[in-house]
Amino acid sequence: MTADTSAAAPRQRVRTGDDPDAHLRTNPVKIGVGLVGMIAVIWALANLFLAFGYYPEWFGNKFVIGILAIVAGVGGAALLFYFLNMFVEGLPRRLSEGAIPYAFLLPGLLLVGLMLIYPTFQTINYSFANADSTAYVGLENYKTIFGSSEFWQSIVNNILWLLIVPALVVAFGVVVAVLADKLSATGEKVAKSMVFLPMAISAVGASAIWLLVYAYNNPGQPQTGLLNAIWTGLGGDPQTWLAIDTLKLNSILLMVILIWLQAGFAMVLLSSAIKGVPEDTVEAARIDGAGEFQIFWQVIIPQIKGTIITVFVTVFITVLKVFDIVYVTTNGAYGTNVIANLFFNKLFAASEAGQATAIVVVLLIAVIPLIWYQVKHFRDEEAGR
Amino acid sequence: MSRSLMKDGRPRSPFSIVTMTILALLWTIPTLGLLVTSFRTRDDAATSGWWTALFNPFGADWTTSNYSGAWTGADLSSGFVNSIIVAIPATVIPIMFAAFAAYAFTFMDFPFKEFFFLLIIAVMVVPIQVAFQPMLNILGPRGLGISGQYIAVWLLHTGFGMPLCIYTLRNYMSTLPRSVVESAKIDGCSHFQTFWKLVAPMSIPAIAAFATLQFLWVWNDLLIAKLFLKSENTTVIVKLQQLLGSQGQGQELLTAGAFITIIVPMIVFVTLQRYMIRGMTSGAVKG
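Chains as they are written, first to last, in our numbering: chain A, 1 to 385; chain B, 1 to 287.
No lab work stands behind these hints, which were simulated from the structure alone. Mixed in with the good hints, there may be bad ones.
Claimed, not checked - Interface residues of chain A toward chain B, partial, derived using beta-carbon atoms under 7 Å:
id : residue
1  : G66
2  : A77
3  : N85
4  : L105
5  : V112
6  : T123
7  : M194
8  : S202
9  : L212
10 : T224
11 : D324
12 : A353
13 : T357
14 : V367
15 : L370
16 : F378
Note that this is a predicted model, so its numbers are computed, not measured. Virtual Cβ for every residue (Gly too), placed ideally from N, Cα, C.
This is chain A alone, in the form it adopts within the complex (with noise of 0.2 Å):
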């Protein structure tokens, strides 16, 4: 719509002042405003920004600092870019052209730069030195870590819980998206509306949920939680089934716990994917003779197999740095420890930061592989755009 009205807009408006050069010479007006702007934006921002912090009783009450915040936040942004922008255009034009993109770029990639990019460099320096980071020890904190059982144990559940749960979302996706396709219009909404609203409850809301259906009550009494009501149902004796490390027993009931939250991500993606195979291929396949069952595992999969993949690795991400599930429920006890959980452990009660931030580069390295993929698959992407 827009496209059509501006493309058939006259285009005669290019400047018609007196001096049709004007905008080729250095502005130095524009220049001195835009230099000047900016600098007052930025000292007005930081300095209400660090009041908030400092005095934040001046404000009267927190909704005020709220809006406040909301106002100057999105407000001196805008400002910002457009003394920015005034003043890149009062630069010549060569060099403006040249600028501009940066200029864009600069306020975003500077946050960037500051809250992830500097940090992960300075954890790395950081895992070298004391507990307080007040002076190197060298090799010292991966010694310790590497020397504890209990690193090589969340280790061990870290990888357990890599290779269950983006498998399991990914299978359950596929088998609810595939199914739900079949189901009516109305049967399909419903259904795919109850899978999906975990996504929008916390996990730590998550573990309340299953902590009440892994409730446990004394022998004899009635059971309140639903498995071992089940379990007791069936002549079973009840059980503490997050204090059985049996089999990893009680790992793999935390992981339904995530598992639960992220199946309903994993059925978006796939189900748009499979809405996307194209009908004359699985009727062909049909004419041809083949089983839905062959249809699904020779026509389909085949051709959302990109889907999977994307969906497999962003569960995966996830379930690297999983955390608030573990520490809700057990805080790693019964061995069911994993990295980011005693990563926050030595961090926050044991103010170890040289072992945290060791622990937080081991958890780096392990990522490097999924960079390296990421940026490959945009590649692939880009070059089929």
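Starting from the known structure of chain A, arrange chain B on it as the hints suggest.
Positioned in the frame of chain A, the structure of chain B alone reads:
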């Protein structure tokens, strides 16, 4: 064999209907248990399963006192207010910065463009745990001394949300017709004007998609809130986590408390689901 047809002419599939019903129920029952339990008295909840109350709704003792207890007694009300104050600016502020960057990545050509964008993609995968110790130093008493205040978490969520936001918006903008931007340029619009008048309004669906995801992410976050907010500023999720940690007394408040934390994201989710699904299918997924 049942070969009855549906309204749209496709054959009905009994196997799908049965399996999907079972799966959808399995997925809903845990939440239902929480909801039912949150309205039961302490004694009832401790002596019988929630399903017994559901089978015999008139014989059971129903109460809303768990909600009032959690809201005032366990002080979830202040956590709730804090969550709103944390989540809304942390959702809105990154968008402005990211939209300009996304515009540059989509409609401009410049040296090192690919390098910068690959950097954004790489950073999306980096675990945010890398940032905690350095940021505790920068924002804490050894640095700016603003750790514990809202501003600290706004800043962190803005930074952590930025790569995803740039990525989502850029993916969406690259589907916009390039001719629009080019004709605006011929008409004498500067990039700044083109951004405001054309590209930003046309990107509203992608902005809504990111905003939904970011809001859910910030509201449901435990890690950053726990590390960077002092106790009177802390969010409802941290309050719930503390409630979960306190064994014994107050157990009946837990279910009501959990439901209080769930209700806002649930509403946001249900109303903005359409945008969110679109955002996710266009590759907007937090690493």
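Verification of the supplied hints:
1. G66: This hint holds: G66 (chain A) lies near chain B, its Cβ roughly 4 Å from the closest one there, short of 7 Å.
2. A77: Since chain B brings a Cβ to about 4 Å from A77 (chain A), closer than 7 Å, the hint holds.
3. N85: holds (4 Å)
4. L105: For L105 (chain A), the interface hint holds, since the closest Cβ of chain B sits about 5 Å away, which is under 7 Å.
5. V112: Status holds, d = 5 Å.
6. T123: holds (5 Å)
7. M194: holds (4 Å)
8. S202: Hint on S202 (chain A): holds, closest Cβ of chain B at ~3 Å, below 7 Å.
9. L212: holds (5 Å)
10. T224: Cβ of T224 (chain A) sits 5 Å from chain B, so the hint holds.
11. D324: Given a least distance of 5 Å, the restraint on D324 (chain A) holds.
12. A353: Interface hint status for A353 (chain A): holds (5 Å vs cutoff 7 Å).
13. T357: holds (5 Å)
14. V367: At 6 Å from the nearest chain B Cβ, V367 (chain A) passes the 7 Å test, so the hint holds.
15. L370: holds (5 Å)
16. F378: This interface hint holds because 5 Å falls under the 7 Å limit.
The structure is consistent with each of the numbered hints, conforming to all of them.
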